[in-house]
Amino acid sequence: MPDLLPALRDFVAFWPLAYLFLGTTAGILVGAIPGLTGAMLITLTLPLTFYMSPPNAMILLVSMYVGAISGGLITAILFRIPGTPASVMTTFDGYPMAISGRPGRALGLAIGSSLCGGLIAGVFLVFLSQPLAELAARFGPFEYASLVLMALVLIATISKGSLVAGLLSGLFGMMVAMPGFDPSSGQLRVTFGFEDLASGFNLLAVLIGVFAVNQVFDEVLSIGRTWEVIDIAKQRVWMAWSDYRRQAGNILRSSLIGTWIGILPGIGASVGSIVAYSAAKNVSKTPERFGTGVDEGIVASEAANNATVGGALIPLLAMGIPGSVVDAILLGAFVIHGMRPGPLLFDQHPQIVYTVINAYLLACVAMFVIMTVATPRIARLMGVPRYLLLPVVVVFCVLGALAINNRMFDVWVVLAFGAVGFLMERAGVPLGPFVIGLVLAPIAEESLRSGLMASAGSYLPFVTRPLSLAFVLVAVGLLLWPFWQDLRTRRRRPVNAPDP
Amino acid sequence: MVPHAFPWSRVLLTVGLIVVSVAMYASVAGMGRGIYEPLGAGALPRLLSVSVGGLACVLLLQGLRDWQRAGPLEVNTGERPQFLLAALSCMLTLGYAAVMTMGGVGFRAATFAYVLTLGLLLSRWRVRTLPALLLAAGIMSFGVHYLFTRVLVVDLP
Chain A
573 MPDLLPALRD FVAFWPLAYL FLGTTAGILV GAIPGLTGAM LITLTLPLTF
623 YMSPPNAMIL LVSMYVGAIS GGLITAILFR IPGTPASVMT TFDGYPMAIS
673 GRPGRALGLA IGSSLCGGLI AGVFLVFLSQ PLAELAARFG PFEYASLVLM
723 ALVLIATISK GSLVAGLLSG LFGMMVAMPG FDPSSGQLRV TFGFEDLASG
773 FNLLAVLIGV FAVNQVFDEV LSIGRTWEVI DIAKQRVWMA WSDYRRQAGN
823 ILRSSLIGTW IGILPGIGAS VGSIVAYSAA KNVSKTPERF GTGVDEGIVA
873 SEAANNATVG GALIPLLAMG IPGSVVDAIL LGAFVIHGMR PGPLLFDQHP
923 QIVYTVINAY LLACVAMFVI MTVATPRIAR LMGVPRYLLL PVVVVFCVLG
973 ALAINNRMFD VWVVLAFGAV GFLMERAGVP LGPFVIGLVL APIAEESLRS
1023 GLMASAGSYL PFVTRPLSLA FVLVAVGLLL WPFWQDLRTR RRRPVNAPDP
Chain B
163 MVPHAFPWSR VLLTVGLIVV SVAMYASVAG MGRGIYEPLG AGALPRLLSV
213 SVGGLACVLL LQGLRDWQRA GPLEVNTGER PQFLLAALSC MLTLGYAAVM
263 TMGGVGFRAA TFAYVLTLGL LLSRWRVRTL PALLLAAGIM SFGVHYLFTR
313 VLVVDLP
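Protein chains in written order, with this note's numbering: chain A, 573 to 1072; chain B, 163 to 319.
The following block holds chain A by itself, in its conformation from the complex:
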């Protein structure tokens, strides 16, 4: 990408830099407040970006994404509450180190390794996006349809909860994308007589409902929750140079794991940090010390979860396939701003590609600076009373819905999907596959139907085209894997052993 460095000049201006710092700070704050998530922040901010230029909008949203993943480490270390699901593993060693009187060191290690993880993934983002986009340019409709199928199966099988719940969530997401005009024939379908449904459910309204309203009601349910605060006012938040050298191997390994897991469609940062933490524990000479406040645990978790952000941006930019839930929302942001991520983006809007990559890299640095300087102050945000915060979030949800099409119908969609999201999470049905299904359904349907028109109704190209066959085989393999594992476990178990 020879034009990437010259494109950095676009950031030497007031608004891009202001959006970069605003987005990163807002992301960190939201990540640091348990109950508020990056997905929620980005969906609520999306309507405000209607009034920005596309590059500025993407700078703001990408910075929020980076900030939100990192912000979670503050509460994970100081309160043993992961501010985001991605920082769950950080609590295992971060909190014990903090209560042993070294909260500044725990935070310093986490922030330093977050920067390294983010930048290492950034290198892959720079060098892998273009070749992958060139490969994706050769994709026909059958390749896209089978790639979407693989992404859906992958996220359904990896998500927490049962395989049935994951599949149900993904298919339900696709179902929600069905109402409105049929993309091929223009026929109206599944509107149930509601004129407002002619253009379908607005993606943003559904996302605001599922993430923000749902979260508000969960917070109301647990309004009495209190936390014990560790004071870090006089602590130095810094990772020493010798620590970087000592942890270099761990940082590199964890970042590579995070980047790779980020690239896989639909798997989030939490899986990245779990795998990296387990790997660090496995190679450690003292694995029994993990969970008691060791440096390696904090570094592995934070380097990996930040690396997943950069990794997940690769398939989003190169193929238009979201690597995580937040990437699915970013895909929606691209579409709202009149662009479609994928190979064509590199041809038609190369400037946006450079902006996204540079914004990601600069946001990692901004996150490091902001968190190093302001963590003690950010930690005080835990004291923001819920009775003040929650009504404000609901009003922002309503405003977000009204800003889309200026109609109350979208407000009702937000509330209805808030209830749906609430029920889904309480029923053990993961939200990740739902969002991926919702965003990918139109791409899958258009690809499948145009492919079938080209092949005169034959499904054979799914298995005769090599890439399509590979995606289908991976999807089938992923679907069968849990059953195979179950069968193997049953065979190994002695005949008289009781069921687990």
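What the hints contain is simulated information worked out from the structure, not anything from laboratory work.
We put the CB at the ideal spot given by N, CA and C, even for glycine.
Among the chain A residues that face chain B by a calculated CB cut under 7 Å, a handful are: (1) Phe744; (2) Ile795; (3) Leu960; (4) Val983.
Starting from the structure of chain A, add chain B where the hints point.
What follows is chain B alone, placed relative to chain A:
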């Protein structure tokens, strides 16, 4: 964080999904294929409604079994869920949207009343929270109305 999980939610969700699947199938049942198009507009909705309905039935049976065993589906965060508070907040939010839909009360008045009432409800009607809540209600109603209608040029009810 693990959200609160309740056994009845799986039953409620899956029954809802089965109803929606049946409704979706019925609404596209009569849609045929095009001349050049082998699938037609109704094919994917039909396939999805059958799949979602089927999987929802499987999950419903699992949900009923779990409900009979009477254990929560997941470990919750420890504290007692505030059901009454959640129900009242939910009703208040629906009322807020309904009032703006009917058009009698504008965004400013409705939002001011909503933020203040919900804030007081969540703070257990503690009077000392009133100044902060009045400030928040003022900013979210009049301040945001000004921002959206004058700066961002978005019409609000």
